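The hints should help you fit chains P and Z onto chain G, whose structure is shown.
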Amino acid sequence: MGTETLKYVISLSEVGKLLGNIKGQGFHVVGPVLADGAIIYDTIHSIEDLPSGYQDEQEGGHYRLKKSTGRRGERDALFRYTVGPSSWKRFLFPPEQKLWKAVREGKSFSIESPKEKPPRYAFFGVRPCEVSALKIQDKVFCNNDFQDKGYAEKRKKSLVIAVNCTRSVSTCFCRSMDTGPKANGGFDLALTEISDGKNHRFIVEVGSKKGSKLLKGIDHTLAERHDLSSAAARVNSAKRAMKRQMPKDAAKILSKNSEHPHWKDVAARCLNCANCTMVCPTCFCSTVEDTTSLSGDVAERWRRWDSCFTVDFSYIHGGPIRRDSAARYRQWLTHKLSSWHDQFGTSGCTGCGRCITWCPVGIDITEEIKALQKGGK
Amino acid sequence: MVKKTDLGPILEGHPFFDGMDEGARKLIVGCAKNAVFHDDDMVYKEGAAADTFYLIRHGSIALEVHTPAREPLVIETLSNGEILGWSWLVPPYRCRFDARAIGVVRAIAIDAKCLRGKCEKDHSLGYQFYKQFLPVISSRLGAARLQMIDMYGDPIAYAQKTQAVEKDTLPAKPTPGKVKKAKGKKS
Amino acid sequence: MTQAQVKYAGTAVADPMTPVLFEVGKIKRELSDTFTLELISQSGNPFSFKPGQFTMLYQFGVGEVPISISGDPLNPSKLTHTIRAVGKVTEAMMRLKKGDMVGVRGPFGTNWPVEAAEGSDVVIITGGVGLAPLRPAIYHLLANRKRYGNICIYYGARTPEDILFRKQLEKWRGRFDLKVEVTVDRALAGWNGRVGVVTKLLDLGGFDADQTVAMVCGPEVMMRFSVRALNELGVRNDSIYVSMERNMKCAVGFCGHCQYGSAFVCKDGPVFPFSDLEEIFDVREL
Numbered sequence: 405m406g407t408e409t410l411k412y413v414i415s416l417s418e419v420g421k422l423l424g425n426i427k428g429q430g431f432h433v434v435g436p437v438l439a440d441g442a443i444i445y446d447t448i449h450s451i452e453d454l455p456s457g458y459q460d461e462q463e464g465g466h467y468r469l470k471k472s473t474g475r476r477g478e479r480d481a482l483f484r485y486t487v488g489p490s491s492w493k494r495f496l497f498p499p500e501q502k503l504w505k506a507v508r509e510g511k512s513f514s515i516e517s518p519k520e521k522p523p524r525y526a527f528f529g530v531r532p533c534e535v536s537a538l539k540i541q542d543k544v545f546c547n548n549d550f551q552d553k554g555y556a557e558k559r560k561k562s563l564v565i566a567v568n569c570t571r572s573v574s575t576c577f578c579r580s581m582d583t584g585p586k587a588n589g590g591f592d593l594a595l596t597e598i599s600d601g602k603n604h605r606f607i608v609e610v611g612s613k614k615g616s617k618l619l620k621g622i623d624h625t626l627a628e629r630h631d632l633s634s635a636a637a638r639v640n641s642a643k644r645a646m647k648r649q650m651p652k653d654a655a656k657i658l659s660k661n662s663e664h665p666h667w668k669d670v671a672a673r674c675l676n677c678a679n680c681t682m683v684c685p686t687c688f689c690s691t692v693e694d695t696t697s698l699s700g701d702v703a704e705r706w707r708r709w710d711s712c713f714t715v716d717f718s719y720i721h722g723g724p725i726r727r728d729s730a731a732r733y734r735q736w737l738t739h740k741l742s743s744w745h746d747q748f749g750t751s752g753c754t755g756c757g758r759c760i761t762w763c764p765v766g767i768d769i770t771e772e773i774k775a776l777q778k779g780g781k
Numbered sequence: 004m005v006k007k008t009d010l011g012p013i014l015e016g017h018p019f020f021d022g023m024d025e026g027a028r029k030l031i032v033g034c035a036k037n038a039v040f041h042d043d044d045m046v047y048k049e050g051a052a053a054d055t056f057y058l059i060r061h062g063s064i065a066l067e068v069h070t071p072a073r074e075p076l077v078i079e080t081l082s083n084g085e086i087l088g089w090s091w092l093v094p095p096y097r098c099r100f101d102a103r104a105i106g107v108v109r110a111i112a113i114d115a116k117c118l119r120g121k122c123e124k125d126h127s128l129g130y131q132f133y134k135q136f137l138p139v140i141s142s143r144l145g146a147a148r149l150q151m152i153d154m155y156g157d158p159i160a161y162a163q164k165t166q167a168v169e170k171d172t173l174p175a176k177p178t179p180g181k182v183k184k185a186k187g188k189k190s
Numbered sequence: 037m038t039q040a041q042v043k044y045a046g047t048a049v050a051d052p053m054t055p056v057l058f059e060v061g062k063i064k065r066e067l068s069d070t071f072t073l074e075l076i077s078q079s080g081n082p083f084s085f086k087p088g089q090f091t092m093l094y095q096f097g098v099g100e101v102p103i104s105i106s107g108d109p110l111n112p113s114k115l116t117h118t119i120r121a122v123g124k125v126t127e128a129m130m131r132l133k134k135g136d137m138v139g140v141r142g143p144f145g146t147n148w149p150v151e152a153a154e155g156s157d158v159v160i161i162t163g164g165v166g167l168a169p170l171r172p173a174i175y176h177l178l179a180n181r182k183r184y185g186n187i188c189i190y191y192g193a194r195t196p197e198d199i200l201f202r203k204q205l206e207k208w209r210g211r212f213d214l215k216v217e218v219t220v221d222r223a224l225a226g227w228n229g230r231v232g233v234v235t236k237l238l239d240l241g242g243f244d245a246d247q248t249v250a251m252v253c254g255p256e257v258m259m260r261f262s263v264r265a266l267n268e269l270g271v272r273n274d275s276i277y278v279s280m281e282r283n284m285k286c287a288v289g290f291c292g293h294c295q296y297g298s299a300f301v302c303k304d305g306p307v308f309p310f311s312d313l314e315e316i317f318d319v320r321e322l
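Residue numbers (the working numbering), protein chains in the order written: chain G, 405 to 781; chain P, 4 to 190; chain Z, 37 to 322.
If we strip away everything but chain G, and leave its shape as in the complex, we get:
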């Protein structure tokens, strides 16, 4: 990956054609769209659906979208916003999923797995931190012992069109997690947008055979030096603008400070709303619910997203293990940034900053780690 891979240039119209070709191959294309005042991921049909010209403003507990009124390049840009509240995990690991259905047959019953064929997804506009999130969830759902069949099948068939970031917001800290603002593998194609008001074009990096085939279907030229330096400068400006940082030894700080008094402090601010776990692109906890039809003859098992912030999460007969909100906050943060390394050989955090933005009280995990470091071991 470090060696010189050839990069190409495509025009804006070819991006549209690329999307059309992907759709033509039967993929269900998902990309960024405008909804309810935020940019979320949903089905797209053409690049007209992309929220061009929009920029986001993010801070702890704060998210605003605005249409750019500045330079023409800003107004035309397809990808000048960063990440919103939704993430790609909702397609591979849906918030609600039927696992099976049981039908009573006299004294016995039978169990049927869902027969619907899972869609072939094309993820269009995956940010570098999100490419990392996909890689992290792969390790969870396709672990050494077991495979989540649904996840594995969809993931294997899916297409990832990454988009490198040319802009960052104040909650971003991918730079300190080594996950961005430029994607490093894990995609089929990666685009870097150059929207300078004159020649709206995209630098393309090929990451797989599938990507290479897709590139063949559209007009492209070999990128020249000035294209590459222009793209690099844009990615660099996103990098330089990133002020937030996760301390490098977060894993160690957490593993040594399970009894730190700061947990009580953060627990006093935390509302236990579970927003951070819902917006996190790697959080994978789920629960199952068994439902029964009114006649009592059909029972279904559903898997739903769950959060370690709920009291019931750790319930064993008699009561929950994590009774105190401090224990639940500690579980989330320690798992995300420390025990995740032991479990999956990687951090569970990608530095996307969603948990900071969508926390109603603006709890900033990078600051919490620093506070633990201060009075800690």
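For the record, the hints were derived by calculation from the structure and aren't laboratory data. Watch out, some of these pointers could steer you wrong.
Each pair of labels, with its calculated beta carbon distance range [as the list claims (entries may be wrong)]: (1) Glu314/Z to Met151/P: 22 to 30 Å; (2) Ser141/P to Phe212/Z: 34 to 42 Å; (3) Glu314/Z to Asn548/G: 43 to 51 Å; (4) Lys511/G to Gly270/Z: 52 to 60 Å; (5) Lys656/G to Lys203/Z: 33 to 41 Å; (6) Gly270/Z to Glu509/G: 25 to 33 Å; (7) Lys668/G to Glu314/Z: 45 to 53 Å; (8) Asp51/Z to Gly510/G: 48 to 56 Å; (9) Glu127/Z to Glu509/G: 22 to 30 Å.
On a predicted model such as this, the values are computed, not experimentally measured, just so you know. All residues carry an ideal CB built from backbone N, CA and C; glycine is no exception.
What follows is chains P and Z alone, placed relative to chain G:
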């Protein structure tokens, strides 16, 4: 039931004497008698003078609490190598529970009243006894606390019992200012 | 008795999230709230498992619970669980009848170190229904008795009426190559057995602390004090094994519920060498 023989060698073998110095050991031998109890024999009764303690050699003794209109509740059994009775060390020197033999029990009875007097005269001897007895008392207290938490009990019933009472259903604390002092007449 | 080496077949699972149907062959009330279910596979295939492993049992329309297997690993034609009714699923299961069907996923999880313990003394400390997950290990030890040094089974229960597998314990107690001691937390007069906490049984010795593998299963507080008592006798933490209990939904490491420090109790446990837990065991609400 209590016979006097040469108890020196028997005492040597009892774990109670581990680490005790020769002088103290000899003193005890002077106060010791053999004792045998048969099944259901009452070794001592709650409230009786605690003038004897026992080193159990063989068999089991149940410590019981008597409750009116109920079967006695066994709170602990003691057997080979254990000590029965430490109330002789603590005023008012009364037995705190009933002790009943389960089957045949062979023990050594130590005249605690005599020993108490000796300890009073010789504090370094007293210290030795305290050192032997304090761990026994401490471990029994620890065990009693573990028994109290009822760890094998029904966890749901326990949670309901201990947590069902909401704070606001508890009776309000009396406000200090409002509590009137009873003006008792001089009798 | 044959002393053939016991080998367990691989325990690969086809689709770990979908239960397989088993028929209730027998249901036996053990205690007022505890019962044993004998399940028979519909496929006719033996259900191989290792002592200490558990399954997820599904009761139609009610839900699913993790239950340790309590049967004999040498007799995989029957799948046996001993269950205490403490929730809606287990209470519904207590009402099952012969011929009813339940769903089974598994077996899952790590096992008691019955093979690693060969050549050593084995002390089993268990309390309450915690005897059930250890019974397969006891079956294994007895079937391979010559491979082990002294074997002690120290069991604690709430009252004499709460002693699980009482007849079996009495039978084992009658063997000369086994030291079995039972104690209860409280009893009415007339009970001729021991009264006192289970950890006190360790004072009876019967094993060489340097050469002992300890297997501990019971309420977490009981395991905590048992480990402490074993340490005081000189048994090292890497020779002590405990079986942990946490909330479980999937049993395959996907749902996140059973996390305990860095471990997923469902696949890294339930049986852990205590040396793996010593740093987190005393951290509360972990």
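Hint by hint, here is what the structure shows:
no., hint, in the structure
1, Glu314/Z to Met151/P: 22 to 30 Å, "holds, 27 Å"
2, Ser141/P to Phe212/Z: 34 to 42 Å, "holds, 36 Å"
3, Glu314/Z to Asn548/G: 43 to 51 Å, "violated, 25 Å"
4, Lys511/G to Gly270/Z: 52 to 60 Å, "holds, 55 Å"
5, Lys656/G to Lys203/Z: 33 to 41 Å, "violated, 53 Å"
6, Gly270/Z to Glu509/G: 25 to 33 Å, "violated, 58 Å"
7, Lys668/G to Glu314/Z: 45 to 53 Å, "violated, 25 Å"
8, Asp51/Z to Gly510/G: 48 to 56 Å, "violated, 25 Å"
9, Glu127/Z to Glu509/G: 22 to 30 Å, "holds, 24 Å"
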